[in-house]
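J.: Here are the chains, one letter per residue:
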Amino acid sequence: MFRNQYDTDVTTWSPTGRLFQVEYAMEAVKQGSAAIGLRSRSHVVLASVNKAQSELSSHQRKIFKVDDHIGVAIAGLTADGRVLSRYMRSESINHSFTYESPLPVGRLVVRLADKAQVCTQRSWKRPYGVGLLVGGLDESGAHLYYNCPSGNYFEYQAFAIGSRSQAAKTYLERRFESFNESSREDLIKDAILAIRETLQGETLKSSLCTVSVLGVDEPFHFLDQESIQKVIDTFEKVPEEEEDGGEAEAEAAAAPTEQGGAGDQDVAPMEM
Amino acid sequence: MTFTIPIDNGDALKNAEADSQRTLYPYVTGTSIVAIKYKDGVLMASDMGGSYGSTLRYKNIERVKAIGKHSLLGASGEISDFQEILRYLDELVLNDNMWDDGNSLGPKEVHNYLTRVMYNRRNKFNPLWNTLVLGGVKNGESYLGMVSMIGVSFEDNHVATGFGNHLARPILRDEWRADLSFEDGVKLLEKCMRVLLYRDRSAINKLQIAKITEEGVTVSQPYSLKTFWEFQAFHNPTAGAQGSW
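Protein chains in written order, with the UniProt record's numbering: chain A, 1 to 272; chain B, 1 to 245.
Derived by calculation from the structure, the hints in this document are not laboratory data.
Heads up, some of the hints might be wrong.
As the list claims (entries may be wrong) - Take a look, some chain B residues computed to stay more than 12 Å from chain A by CB distance:
| id | residue |
| --- | --- |
| 1 | 39 |
| 2 | 54 |
| 3 | 92 |
| 4 | 96 |
| 5 | 99 |
| 6 | 101 |
| 7 | 105 |
| 8 | 112 |
| 9 | 115 |
| 10 | 116 |
| 11 | 122 |
| 12 | 153 |
| 13 | 190 |
| 14 | 200 |
| 15 | 204 |
| 16 | 233 |
Unchecked claim - Restraint ranges, calculated between C-beta atoms of paired labels, are given here:
| id | chain 1 | residue 1 | chain 2 | residue 2 | range |
| --- | --- | --- | --- | --- | --- |
| 17 | B | 230 | A | 101 | 22 to 28 Å |
| 18 | A | 155 | B | 166 | 22 to 28 Å |
| 19 | B | 100 | A | 226 | 54 to 60 Å |
| 20 | B | 220 | A | 101 | 29 to 35 Å |
Stated by the list, open to error - Okay, derived cross-link-like pairs now, DSS-like style, lysine-lysine, Cα gap no bigger than 30 Å in a straight line:
| id | chain 1 | residue 1 | chain 2 | residue 2 |
| --- | --- | --- | --- | --- |
| 21 | B | 226 | A | 65 |
| 22 | B | 108 | A | 115 |
| 23 | B | 226 | B | 59 |
| 24 | B | 65 | A | 65 |
| 25 | A | 115 | A | 205 |
| 26 | B | 226 | B | 69 |
| 27 | B | 124 | B | 191 |
| 28 | B | 39 | B | 206 |
| 29 | A | 65 | A | 51 |
Since the structure is predicted, the reported quantities are computational estimates derived from the model, not experimental observations.
Each residue gets a CB set at the ideal place from its N, CA and C atoms; glycine is no exception.
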C-alpha cells in the first residue's frame with residue numbers, strides 16, 4: 001500500500017471507491033501480536049501470544065472478560081482495545097441490570113460494529129485501530145465474531161488475527177470442520193497448537209501464551225499456567241513424530257508475512 | 001386519597017403546575033388479578049370491570065394482554081397507566097423483533113424491565129398506579145411474577161393483586177399443586193374469583209381466563225360465574241338483630 005492523495009482524511013473517498021484511512025487502520029491490526037479464537041457448539045476458546053515490550057516489562061493484556069458469558073481478544077492498538085472492552089462491559093452490565101438476563105453476544109457485536117462505523121464517517125475522528133475477536137453465548141449456542149475497524153463484523157468457526165496469524169489460519173483451516181463437535185479439551189488443544197504456529201519455531205511455553213475458555217455451563221475464565229503447560233506437554237514431548245509439528249515448520253517458512261516487511265523490532269510501541 | 005409532597009418555596013403558581021404533572025390518585029381502576037402456574041404453563045384470571053370511584057363505570061375492559069411470544073401481562077389499578085405500560089412494552093417488543101436474530105425477550109426479561117420502570121417512576125414521585133402480574137413460558141420453563149406500583153417485585157407459584165391477596169391467596173396456599181391440569185387450574189381460579197365476586201365490591205360477574213403455554217397465548221371469551229344467594233342467613237337478615245346492625 002503506498003501513500004496517495006486520497007488517504008489524508010477518513011471522509012475522503014478514493015476514485016476507486018476506497019477509504020484508505022480505514023484500510024490503514026486494518027493494517028494496524030496486523031501489527032499486533034496474534035490472537036486466536038475457535039468455537040464448538042457449546043464452548044469458545046480465545047488464546048493470545050504474550051508479548052512484552054522488553055525483558056524488563058510485563059506483557060500486555062490482550063484478552064478481557066466482558067461478562068460471564070462473553071470474552072474478547074484484541075490485536076492492534078491496545079489502548080483502543082481497552083476502551084472498547086470497557087464499552088462492551090458497560091453495555092453488558094446495563095442489559096443485565098434492566099433485564100436480569102445475559103446480553104446476547106450477537107447484539108453486542110452489532111453495537112460494537114455501529115460504534116466503529118461512526119468513526120469512519122466523521123472528519124474529526126479516526127477509526128479504532130484494533131481488531132476484536134468476540135466469543136460468547138447466546139440462546140442459539142456458542143458464537144465467535146470478528147469485529148473490524150471498518151465497522152464490519154463476521155461470524156467464524158475459528159479465526160486468527162495479528163502478526164503471523166496466517167500460519168495459525170492455515171492450521172485452523174485444516175481442522176475447522178471438526179470443531180463444532182469437539183470436546184472442550186480438544187478445542188483448547190487446537191487453540192494452543194494454533195498459537196504455536198504463530199511462534200515460528202520458538203519453543204512453546206505456557207508463559208508465552210494466555211488461554212481463556214467459556215461455555216454453556218462454564219463462565220468465562222483464564223486457564224492457569226499449569227493447565228496450559230499440561231496440554232503443551234501432551235504434544236511438545238515428541239515434536240518430530242507429531243505430524244502437525246513437521247508441517248508447521250514447513251508452513252512457517254512458507255507463510256507470507258503480512259506486515260509489509262516490518263519485523264518485530266519495527267513494531268510501534270503502542271501496538272501489541 | 002391525596003398524595004402530595006410539601007415543597008417549600010413560596011411560589012404557588014409554579015408548585016401547582018409541577019404537582020399537576022404527578023400522579024396523585026387513580027381514577028378508573030381495575031380490581032384483582034389472580035394467576036397460578038400449572039402443569040403446562042400459567043393461568044391468569046381477571047374480571048372485565050373498570051370502576052370510576054365507587055361506580056362500576058366500564059364493563060368491557062380487558063385487563064390481561066399478551067406480550068411478545070412468551071408472556072402475559074395482567075394489571076390492576078389505574079387503567080390509563082396500564083395502557084401506557086402496554087405502549088412501552090409494545091416498543092420494547094418491536095425493537096426486540098427488529099434485531100431479527102433468533103433471540104427473543106422472555107417473561108423474566110419483561111418482568112425485570114417492568115420492575116425497573118415502576119421503581120424509577122416511584123423514585124420520581126410519579127408512579128404508574130398499577131400492580132402488574134407477569135406470567136409466561138419460555139424454553140419449557142414457566143415464570144410468574146408480580147410488580148407493585150412502588151417497584152416491589154417477586155416471583156411465586158401463585159400471585160394475586162389487591163383484594164385477591166386477602167381472599168384468593170389463602171385458598172391457593174391450601175389447594176395449589178405444581179401438577180395441576182388445565183381443567184383443575186381453571187376450577188381453582190374460578191373458586192377464587194367467586195369469592196372475590198361475593199366479597200369485593202368492585203368486582204363484576206364477567207371474567208376472562210387467559211392461558212399461556214409453550215405454544216402461545218389464548219384468552220377466553222368473557223363468561224359469568226354461577227352464584228348462590230339463597231343461604232338461610234340471607235332470608236331474614238334482620239331477625240334477631242339488635243340495633244341497626
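J.: Does each hint fit the structure? Answer for all of them.
T.: A quick look at each hint next to the structure:
1. 39: At roughly 24 Å from the nearest Cβ of chain A, residue 39 of chain B sits farther out than 12 Å, so the non-interface label holds.
2. 54: holds (39 Å)
3. 92: Label violated. Min Cβ-Cβ 10 Å, cutoff 12 Å.
4. 96: Label violated. Min Cβ-Cβ 10 Å, cutoff 12 Å.
5. 99: The assertion about residue 99 of chain B is violated, with a minimum of 6 Å to chain A.
6. 101: For residue 101 of chain B, whose nearest Cβ neighbour in chain A is about 5 Å away, the distance does not exceed 12 Å, so it is violated.
7. 105: Not fine: 7 Å to the nearest Cβ puts residue 105 of chain B too close to chain A.
8. 112: Not fine: 4 Å to the nearest Cβ puts residue 112 of chain B too close to chain A.
9. 115: violated (9 Å)
10. 116: Non-interface label on residue 116 of chain B violated, nearest chain A Cβ at 5 Å vs cutoff 12 Å.
11. 122: holds (16 Å)
12. 153: violated (10 Å)
13. 190: Given a closest Cβ separation of 33 Å, the condition holds.
14. 200: Answer for residue 200 of chain B: holds, closest chain A Cβ roughly 33 Å.
15. 204: holds (36 Å)
16. 233: The claim stands: residue 233 of chain B keeps its Cβ more than 12 Å from every Cβ of chain A (closest is about 50 Å).
17. B:230 / A:101: 22 to 28 Å: violated (53 Å)
18. A:155 / B:166: 22 to 28 Å: violated (54 Å)
19. B:100 / A:226: 54 to 60 Å: violated (44 Å)
20. B:220 / A:101: 29 to 35 Å: holds (30 Å)
21. B:226 / A:65: violated (60 Å)
22. B:108 / A:115: Answer holds: residue 108 of chain B to residue 115 of chain A is near 29 Å, not above 30 Å.
23. B:226 / B:59: Distance ~18 Å between residue 226 of chain B and residue 59 of chain B Cα, so the pair holds.
24. B:65 / A:65: violated (39 Å)
25. A:115 / A:205: violated (37 Å)
26. B:226 / B:69: violated (33 Å)
27. B:124 / B:191: The hint is violated at about 39 Å.
28. B:39 / B:206: Within the cut-off at roughly 26 Å; holds.
29. A:65 / A:51: holds (19 Å)
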